[in-house]
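S.K.: Here the structure of chain A is known, so what remains is to put chains B, C and D in place on it, guided by the hints.
Chains as they are written, first to last, in my numbering: chain A, 57 to 206; chain B, 57 to 206; chain C, 57 to 206; chain D, 57 to 206.
Just so you know, the hints here were simulated from the structure itself, not pulled from any lab data.
Treat the hints loosely; a few may be bogus.
No more than 25 Å apart at the CA atoms, straight line, and that leaves these computed lysine-lysine pairs for PhoX-like [said to hold, decoys possible]:
id, chain 1, residue 1, chain 2, residue 2
1, C, LYS174, C, LYS200
2, C, LYS58, B, LYS58
3, A, LYS174, A, LYS58
4, D, LYS58, D, LYS200
5, A, LYS58, D, LYS58
6, A, LYS200, A, LYS174
Computed beta-carbon distance windows for the label pairs [unchecked claim]:
id, chain 1, residue 1, chain 2, residue 2, range
7, B, ASN75, C, GLY111, 52 to 58 Å
8, A, GLN86, D, HIS110, 24 to 30 Å
9, B, PRO189, D, ALA128, 48 to 54 Å
10, B, LEU202, C, GLY111, 27 to 33 Å
11, D, ALA128, A, GLN192, 39 to 45 Å
12, C, GLY111, D, ALA128, 53 to 59 Å
13, B, ALA128, A, GLU187, 31 to 37 Å
14, B, GLN173, C, ARG67, 42 to 48 Å
15, C, SER97, A, GLU187, 42 to 48 Å
16, B, GLU187, D, SER193, 44 to 50 Å
17, B, GLU72, C, ARG59, 34 to 40 Å
18, D, LEU202, A, GLN203, 46 to 52 Å
19, D, ARG67, B, GLN192, 38 to 44 Å
20, C, ASP122, D, SER70, 56 to 62 Å
Even glycine gets a Cβ: it sits at the ideal position worked out from N, Cα and C.
There are 4 protein chains.
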Amino acid sequence: MKRLIGVIGGRECSPEICNIAYQVGKLIAQNGFGLVCGGRSGVMEAAARGCAEHGGLTVGILTGEDKSEANAYIQVAIPTGLGIARNILVVRAAEGLIAIDGYYGTLSEIAFALQLQKPLVGIRTWNVEPEMPTAQSAAEAMEKLLQLMP
Amino acid sequence: MKRLIGVIGGRECSPEICNIAYQVGKLIAQNGFGLVCGGRSGVMEAAARGCAEHGGLTVGILTGEDKSEANAYIQVAIPTGLGIARNILVVRAAEGLIAIDGYYGTLSEIAFALQLQKPLVGIRTWNVEPEMPTAQSAAEAMEKLLQLMP
Amino acid sequence: MKRLIGVIGGRECSPEICNIAYQVGKLIAQNGFGLVCGGRSGVMEAAARGCAEHGGLTVGILTGEDKSEANAYIQVAIPTGLGIARNILVVRAAEGLIAIDGYYGTLSEIAFALQLQKPLVGIRTWNVEPEMPTAQSAAEAMEKLLQLMP
Amino acid sequence: MKRLIGVIGGRECSPEICNIAYQVGKLIAQNGFGLVCGGRSGVMEAAARGCAEHGGLTVGILTGEDKSEANAYIQVAIPTGLGIARNILVVRAAEGLIAIDGYYGTLSEIAFALQLQKPLVGIRTWNVEPEMPTAQSAAEAMEKLLQLMP
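Here chain A stands alone, though its shape is the one from the complex (with noise of 0.2 Å):
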């Protein structure tokens, strides 16, 4: 079965978090794991974009009825039709979490995550601490997430 590394974050980013975003989908895919996300665009495109470049399984877990809506690099289309319920789906489909800057649907999913007590890392984006680690970069958010995994 493969493992997947779930990436949450929001529709839209500037350049500086989309690059970041694709700099942890290359790494998901570099260290052997497949990435599952929300399947839309923003974060969770440039994510999907630099999993699949590098030769890394992508699943998109959609809110809406059709797999039409995911985006360009997701390889396994799971449109669910059920709006934004979907969110605890790609937190239970992942073995662990970097969330990535992101408003409040990435906050749900965060706090899903915590809930399940899930491994999670966080680059820019909600503050919730003392439970989340954070990184400053992909690499460092890759390392601390390996580190939480069992």
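M.R.: Frame of chain A, contents of chains B, C and D only:
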């Protein structure tokens, strides 16, 4: 159609927090609203009790598959079997919400309420500034919430 | 806690089917139960009207994100935003169900009711023999359902 | 993006039915598709095995909260925690579906597939005429399904 106010908070509460939740439930009933919550123990039970004991309708949207998990003050039990994916349903069913204390589940509900732009007031709960008004008592919370609701 | 009987059926109905649904709703109220349904038009609306006009509580578990999609006779609206994934919630919320006419959505609810071993009686609906008792009138259906309910 | 065909059927199967499911999975892989199913035992396991052993991608959308409930041939596990509300997700994730044997859970999935107008072929399963084409073998089912798929 019954207008519903949501109360979100943890499954355990101190006597002081339980009393605040009870007062919130009482005020919901006295202002002519029904109450919707997660239907379980702690803040949910205290608020439902306050509402039911003052003639208000109480709705509990449950995580599990069986009505028996509802607390004794829930009049309309909706056992979803969806686990914590039901959190978003509590938020959607409410016209406005009061968050009291709570832990990660409550944080996920606060995040969803902010994402859906629902009127929301917090009492001794997660600090998600600047978007979220706070109050120190049940009466202040209800007053602020009613001002925010259309 | 209010005991709820579910009514499942299509979003459109002939005058004859609508009348049967209305009578079922009326009997639900007269027997001291509340009604739960999908909250929309057709069979759901006719049954909710029959229940509400005879003093019964009506609960509508909606596919969409907004209470405005509920019919005019729903007193407690639960907008799930889950799309037709909400079908299972209607079944879970009911102690027993009456299926009237309907199409594929109704068939999915019949299937879930049988899977969960809920008491279920059908009126002019899908034929899923031998497990599913049927009736020709609202009165016969209610009588059979009450015999099946604990 | 990987194109997925869904296989729906029961958690238990006779040797004959298991063999048909295995052949269906094999044909899915040999025709260049991935397989999506409920991820558990019986028909789901036999089909996933057939697909995986012939180089196809296998996706399991699980009822429970944990990947460990997936059968040994699932490569991408999506533990939803939604219980049987996940049935609709299996249907949505598939471009077309083959139903094999099965019981009430399978009937709910057939109903959803028909409601969503997904291409669907049944082998020795529920008889929902006239809408649902049937086949006597894995090869016939795949041939009919591919003709129905755009």
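S.K.: Taking the beta carbons of B:LEU202 and C:GLY111, is their distance inside 27 to 33 Å?
M.R.: Holds: the Cβ-Cβ distance is about 30 Å, inside 27 to 33 Å.
S.K.: A range of 39 to 45 Å was offered for this pair. Does it hold for the Cβ distance of D:ALA128 and A:GLN192?
M.R.: 40 Å, holds
S.K.: Do the alpha carbons of D:LYS58 and D:LYS200 lie within 25 Å of each other, as the hint requires?
M.R.: 21 Å, holds
S.K.: Taking 24 to 30 Å as the hint, is the beta-carbon distance of A:GLN86 and D:HIS110 inside that range?
M.R.: Cβ of A:GLN86 to Cβ of D:HIS110: about 29 Å, so the range 24 to 30 Å holds.
S.K.: Check the following: the C-beta atoms of B:PRO189 and D:ALA128 are separated by a distance inside 48 to 54 Å.
M.R.: 52 Å, holds
S.K.: With a cut-off of 25 Å on the C-alpha distance, tell me whether C:LYS174 and C:LYS200 pass.
M.R.: With Cα atoms ~13 Å apart, C:LYS174 and C:LYS200 stay inside 25 Å; holds.
S.K.: What's the verdict on C:LYS58 and B:LYS58, does the C-alpha distance respect the 25 Å limit or exceed it?
M.R.: 16 Å, holds
S.K.: Looking only at beta-carbon atoms, does the pair B:GLU72, C:ARG59 fall within the given range of 34 to 40 Å?
M.R.: 35 Å, holds
S.K.: Is the hinted pair A:LYS58 and D:LYS58 satisfied, with a Cα-Cα distance of at most 25 Å?
M.R.: Holds: A:LYS58 and D:LYS58 sit about 16 Å apart, inside 25 Å.
S.K.: Go ahead and decide if the range 42 to 48 Å is satisfied by the Cβ distance of B:GLN173 to C:ARG67.
M.R.: 29 Å, violated
S.K.: Assess, step by step, whether the Cα of A:LYS174 is no farther than 25 Å from the Cα of A:LYS58, and give holds or violated.
M.R.: 17 Å, holds
S.K.: Quick check on a hinted range of 56 to 62 Å for C:ASP122 and D:SER70, using CB atoms only.
M.R.: Violated, since C:ASP122 and D:SER70 (Cβ atoms, about 47 Å apart) do not stay within the stated range.
Violated hints, listed in ascending order, are 7, 14, 16, 19, 20; each of the other numbered hints is respected by the structure.
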